[in-house]
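Chain order of the listed sequences is A and B. Note that our numbering has the first sequence beginning at 81, numbered continuously upward. Note that our numbering has the second sequence beginning at 104, numbered continuously upward.
No lab work stands behind these hints: they were computed from the structure. Be careful, since some hints might not be right.
Derived DSBU-like pairs: lysine-lysine, alpha-carbon spacing no greater than 30 Å straight-line [to be verified]:
#, chain 1, residue 1, chain 2, residue 2
1, B, Lys332, A, Lys134
2, A, Lys166, A, Lys91
3, A, Lys134, B, Lys415
4, B, Lys118, A, Lys134
5, A, Lys168, B, Lys419
6, B, Lys332, A, Lys351
The structure displayed is predicted, hence computed values, not measured ones.
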Amino acid sequence: MSFNDSFFAAKFGIARRELENYLEDALSRGGDYADLYFEYLATSSISIDESIVKSATQGVSVGVGVRVIAGERTGYAYSDDLSPEKIKHAAQVAALIASGPAKVEKTALHEGVKRNLYPVLTAPSETAFRERVELAQRADRAARAYDPRIFQVQVTYADNLREVLVATSDGVLNFDRQPLARMSVFTLARDGNGVPQQGHSGGGGRYELSWFQNERTPESFAKEAARQALVQLDAVEAPAGEQIVVLGPGWPGVLLHEAVGHGLEADFNRKGVSAFSGRIGQQVASPLCTVVDDGTIGGRRGSLNVDDEGNETQRNVLIENGVLRGYLQDNLSSRILGAKPTGSGRRESYEHIPMPRMTNTFMMAGESDPADIIRSVPRGLYCANFAGGQVDITSGNFVFSASESYLIEDGKLTRPVRNATLIGNGPEAMKYVSMVGNDLKLDEGIGICGKEGQSVPVGVGIPTVRIDRMTVGGTA
Amino acid sequence: MTFDRLPEIAQAAIKQALDEGAGDAECTISEGDEFSASVRMGEVETLKEAGSRGAGLRVLIGQCMGSSYTSDLTPEGIRHMVRSAIDLASVTTEDPHAGLPDADELGSITGDLRLFSEDVAGLPAELKIDSAKRAEAAALAFDPRITNSEGGSFDSNIGGRVFANSRGFIGAYRSTYCSISAVPVAIQNGAMERDYWFTMARDFAGLEDPESVGRIAAERAIRRLGAVKVETQRVPVIFEPRVARTLLGNLFEAVEGRSIYRQASFLAGKLGEKIADQRITLIDDGTIPHLFGSQPFDDEGVPTRRTPVIEKGVLKSYLLNTYTARKLGMKTTGNASRGITGNAGIGHGNFFLEAGDKSPEEMIRGVRNGFYVTELIGSGVNIVTGDYSRGAVGLWVRDGELAFPVSEVTIASTLQEMLNNVAEIGSDLEFRGSVSAPTIMIGEMTVAGR
């Protein structure tokens, strides 16, 4: 597809010449670099609770953000009105970050290379609403049918279709159509009049709606959510203190996101405020660990054809055999550091300034048989699922909360334990990785990452991993 | 288009919805103008200035609900929004409890809540940038170990809100806020620690001076240097006000109507029971002038009010909107809260714990061996079961004094036990945001470390 057939050209009559003019306005006060980010976002969501379709919402928002960089300074303005005078005004406001005569010659925009990691003909948001409601209802029925102890089920389904257009004073002109859908199932289970326990599962990605019919059905999420709640009914107290921890494959990859990923975002490192600052080339993990951030995996929730600064996403090796290799760059940091962009510039919406962010972050598979890893542990904790995590990038301390875990006793999984928080220090924790499984698994596609008030969809993944020392928070 | 014109647009949307077959409808319009300036190491880092607005609509056809939103407030955008909501009402299920508040519940509190201040709108950019610079500079000057910074910032927002429904309610109000913050980084023996501090007010005149923000932030970062991990043990735990607020956040989730009717809260079915130490009195009050949690009516057009949630340890009230009140056979408490999209959820006004009579210094003095928590991270709180397990940073208390910094540990208990095991409440209640708490001491929790 050429620019003239692209969404913003066709629907809003945006012409290439106009984009060049707005960039000229943005740089009229002497800025070094400018970009325009046009965004059209159509969202839908459905919520089922008590088997009633309690809410169905859809809506549209449109806007453009204008950014100007002058040295290390950033000026930003946006408009939810795409009329030429409003865009011009936003460009003029952003321009004020610099003061002086224009010094960049008028931009000639060139269309970027085209590829499509998510060749979705009909986005989920373009299908009949009723079809999507029926999918959510299937999950509700399946969760309730799974076991009589399941007494509450809540299903949410949400999708969006984002059309973006990025034009930069470096001459980049890129546009992309980004579909995304996700289903989540929450359950509550109870034994007689006992304490209720919750379970949660879900998944999605940049797929057609048929993915939920053929690949991961509503029933599969429902059963998983119900199973997790039932497991918790028998959970015992979690042991507190330092112990051996085994992470199961898939979603526990959130460890990498917190322990390593955030600390390698270039903005923190450029400013020297990350625990990983200045440590490229150093051993920061056991030699068994190779950690990658890859925005190019077809259909994945964290994947993008181009990032929100118009750069193609790529596969970035963060840690190779335990040695720190590189940071995740956005345009601002790469300009200042003289590094190449890594396709990691992302933003929540046109109202937000882009920052270096992760896409799909995972550890490469190792050679151990997962069963051998569990067998190797005399006493410890096996974590199968997590609820989320957080990191203080400066001290490097991170936590993540286990939502399904089991005691390991004499090399066997025994009893389930209650939710517990695990805590560690980024550059230290992964030095204790002593076994890496051959069973790399990516998560099901529900991750949301928050940074400085901006949320973006991400993915994580990990094989079964043994960590010889980690502090477990215990319960009560 | 000025703010004064927005009520007409909301009413026009409602009329169109009724014309298209809705039995009831409500429309929310909100607008906001934001300004933010951040400086780092004395230089301007970012300047951001812009405004946007959006409208949301909820319609009922019989007992079926549909909702939609748009950022396009032109007549065409509104028409499209109305049609979307009407269409969706045909795919939702009949819900016997769905509906707008009864006409006699609608209204707005009288009197000026002083939510809007002209001085925020008129502030020159230089003054805002200068405030951010002064806060950061004071932090950097505080101690030679403060050698780096994530910056100082100034943020302000001018917001407007319009709400109208088909039962005759129409209301509008504007509000402002501004804030100054600083995030210094302290370094010692190659290890870094950062902390932050802020001031926030409805008007510029109400802000604390930037220098004191910077100094407090720096002091907080410095006292974290050289932190160690302690051994796993059970000790008294003191939550300073900034972290005590997060406990109130957990309690809010446990008393809001949705978790109650779904039985997804450890406090479901406990109304009228003693669930906490008698020193605990927890209030929600959306009517206090000038504060951040105040508004004249909630997001369904019901007047806000003062609701004692826990009184001397006894659970007195849940926090409800119209829907959850009907589910529970109760009356709304005026706590409906919504953005532009979807249905009304539940929010709080000024949600605070009443102060006790001991100063934090006296509380610390009474502890022989304990943990004074200054920051919590992670999401390890389970409202269904009450299980509580979070990452913590703070200072160890030994023989009545703050002895040394501690990090990379967790604290754990259950919210039920913590509520019943409150040993002291401080006298230092301050309204810094819409959730406020004084220092709280819990008799015993598990601190997990080495």
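Consistency of the hints with the structure:
Of the pairs offered as hints, the one joining Lys332 of chain B and Lys134 of chain A is violated, with about 48 Å between alpha carbons and a cut-off of 30 Å exceeded. Only pairs whose Cα atoms come within 30 Å are accepted, and Lys166 of chain A paired with Lys91 of chain A is accepted, the gap being roughly 17 Å. As the CA atoms of Lys134 of chain A and Lys415 of chain B are separated by approximately 37 Å, the hinted pair breaks the 30 Å bound. For the given pair, Lys118 of chain B sits about 23 Å from Lys134 of chain A by alpha-carbon distance, which is consistent with the 30 Å threshold.
Using a Cα cut-off of 30 Å, the hinted pair Lys168 of chain A and Lys419 of chain B is violated, with the two alpha carbons roughly 56 Å apart. For the hint pairing Lys332 of chain B with Lys351 of chain A, the CA-to-CA distance comes to about 27 Å; that is within 30 Å, so the pair holds.
When each numbered hint is compared with the structure, violations occur for hints 1, 3 and 5.
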